[in-house]
Amino acid sequence: MRIDSHFHLWRPARGDYGWLTPAAGSLYRDHEPDEFAPLLAAHGIDAAILVQAAPSAAETEFLLAHAELHPWIAGVVGWTDMAAGDAPARIAALAGTPKLLGLRPMLQDLSDPAWILDDRIRPALQAMARHGLVFDALVRAAQLPAIRVLAARHPDLSIVLDHFGKPQIGDAPGSAWMDAISALADAPNVAVKFSGLLTESPAGADATTLAPFFDHVVRRFGAGRMIWGSDWPVLTMAGTYADWLAISHALLAPFGSGARKAILGANAARIYKI
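The sequence shown lines up with residues 97 to 370 when you count with this note's numbering.
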């Protein structure tokens, strides 16, 4: 099974998306299942994981409703207020919802890079581990050390790092990002999404541009802990679905068929329990 582990749907008129304004250009419109499903079919992808894009319980319910209507949506990575006193109860309720696979606090938008390590959050993280939910880590490079501490504190929590930790992609990987990735890879409960890289890259980026970043991550994590995703429709700000697949296949070309199948679907199925 081939799985796109990371895509979004939204309707700006719902009011969930504070970051989504007319300045976002073509992203500032409805993105619906009927637009995305043909892309999957055209490229032989069997299923996809729908990921939250707003710090809103209402948006998570909206996404779960989509997932119930469309069998090709394998599940949802949603959101809940992890600092709330009743967060463990909310997480237990969400865990009982068909197709809820994980949760993603929007850490990249927080001023405190160590917010996730606050003692107030610990009960929510323990509840996630108890219910077998995946923690998607949406962070920037400066927040990677906190995710390493998180992984050590909660060894039973499955953590997936989104978008390689959003490195600044230019001439060469920075040493701080490389060191943080290496440290994070030492935690066996952490996997990484091979996604969201074109939008962190200069215009015209190709497989050659991304190769030093990809090579470092796959060397440290191995093919067994890497998960492919598109980050559609954010992807479209930098390229098409076909563009990203072509770059991905070029980077994966040196690998054997087993490793390619793992990265393009089997790892997602295992880690998200699809």
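In case anyone wonders, no lab produced these hints; they're calculated from the structure.
Since we're looking at a predicted model, the values are computed, not measured.
Beta carbons are placed, not taken as given, at the ideal position from N, Cα and C, and that holds for glycine.
Keep in mind that the hints are not guaranteed to be accurate.
Stated by the list, open to error - Pairs of lysine to aspartate or glutamate residues, derived as EDC-like cross-links and limited to a Cα-Cα distance of at most 20 Å, are as follows:
{"no.": "1", "residue 1": "K195", "residue 2": "D142"}
{"no.": "2", "residue 1": "K357", "residue 2": "E296"}
{"no.": "3", "residue 1": "K357", "residue 2": "E128"}
{"no.": "4", "residue 1": "K195", "residue 2": "E164"}
{"no.": "5", "residue 1": "K369", "residue 2": "D142"}
{"no.": "6", "residue 1": "K369", "residue 2": "E128"}
{"no.": "7", "residue 1": "K369", "residue 2": "D182"}
{"no.": "8", "residue 1": "K195", "residue 2": "D275"}
{"no.": "9", "residue 1": "K369", "residue 2": "D311"}
To be verified - Label-pair restraints from in silico Cβ distances:
{"no.": "10", "residue 1": "A188", "residue 2": "A154", "range": "38 to 48 Å"}
{"no.": "11", "residue 1": "R107", "residue 2": "A248", "range": "15 to 25 Å"}
{"no.": "12", "residue 1": "Q204", "residue 2": "A225", "range": "20 to 30 Å"}
{"no.": "13", "residue 1": "R316", "residue 2": "A342", "range": "33 to 43 Å"}
{"no.": "14", "residue 1": "Q204", "residue 2": "E128", "range": "19 to 29 Å"}
{"no.": "15", "residue 1": "G181", "residue 2": "S271", "range": "18 to 28 Å"}
{"no.": "16", "residue 1": "A185", "residue 2": "A272", "range": "20 to 30 Å"}
{"no.": "17", "residue 1": "A349", "residue 2": "D177", "range": "40 to 50 Å"}
{"no.": "18", "residue 1": "P118", "residue 2": "A225", "range": "39 to 49 Å"}
{"no.": "19", "residue 1": "A342", "residue 2": "A188", "range": "41 to 51 Å"}
{"no.": "20", "residue 1": "R216", "residue 2": "A349", "range": "41 to 51 Å"}
{"no.": "21", "residue 1": "S122", "residue 2": "A248", "range": "39 to 49 Å"}
{"no.": "22", "residue 1": "R366", "residue 2": "S122", "range": "30 to 40 Å"}
Status of the hints after comparison with the structure:
1. K195 to D142: holds (16 Å)
2. K357 to E296: violated (25 Å)
3. K357 to E128: The given pair, whose Cα atoms are some 28 Å apart, is violated under the 20 Å limit.
4. K195 to E164: holds (8 Å)
5. K369 to D142: Given that 20 Å is the threshold and the Cα spacing comes to 15 Å, the pair holds.
6. K369 to E128: Violated, because 25 Å separates the two Cα atoms, which is more than 20 Å.
7. K369 to D182: Violated, because 26 Å separates the two Cα atoms, which is more than 20 Å.
8. K195 to D275: violated (35 Å)
9. K369 to D311: With a Cα-Cα distance of about 27 Å, the restraint between K369 and D311 is violated, given a limit of 20 Å.
10. A188 to A154: 38 to 48 Å: Because 19 Å falls outside the window, the suggested range is violated.
11. R107 to A248: 15 to 25 Å: At roughly 39 Å between Cβ atoms, A248 and R107 fall outside 15 to 25 Å, so the hint is violated.
12. Q204 to A225: 20 to 30 Å: With Cβ atoms ~22 Å apart, the hint holds.
13. R316 to A342: 33 to 43 Å: violated (25 Å)
14. Q204 to E128: 19 to 29 Å: Since Q204 and E128 have Cβ atoms about 25 Å apart, the given range 19 to 29 Å holds.
15. G181 to S271: 18 to 28 Å: This hint is violated: roughly 41 Å between Cβ atoms.
16. A185 to A272: 20 to 30 Å: violated (39 Å)
17. A349 to D177: 40 to 50 Å: Holds, at about 43 Å.
18. P118 to A225: 39 to 49 Å: holds (40 Å)
19. A342 to A188: 41 to 51 Å: holds (43 Å)
20. R216 to A349: 41 to 51 Å: holds (46 Å)
21. S122 to A248: 39 to 49 Å: Since the Cβ atoms of S122 and A248 sit about 41 Å apart, the hinted range of 39 to 49 Å holds.
22. R366 to S122: 30 to 40 Å: holds (34 Å)
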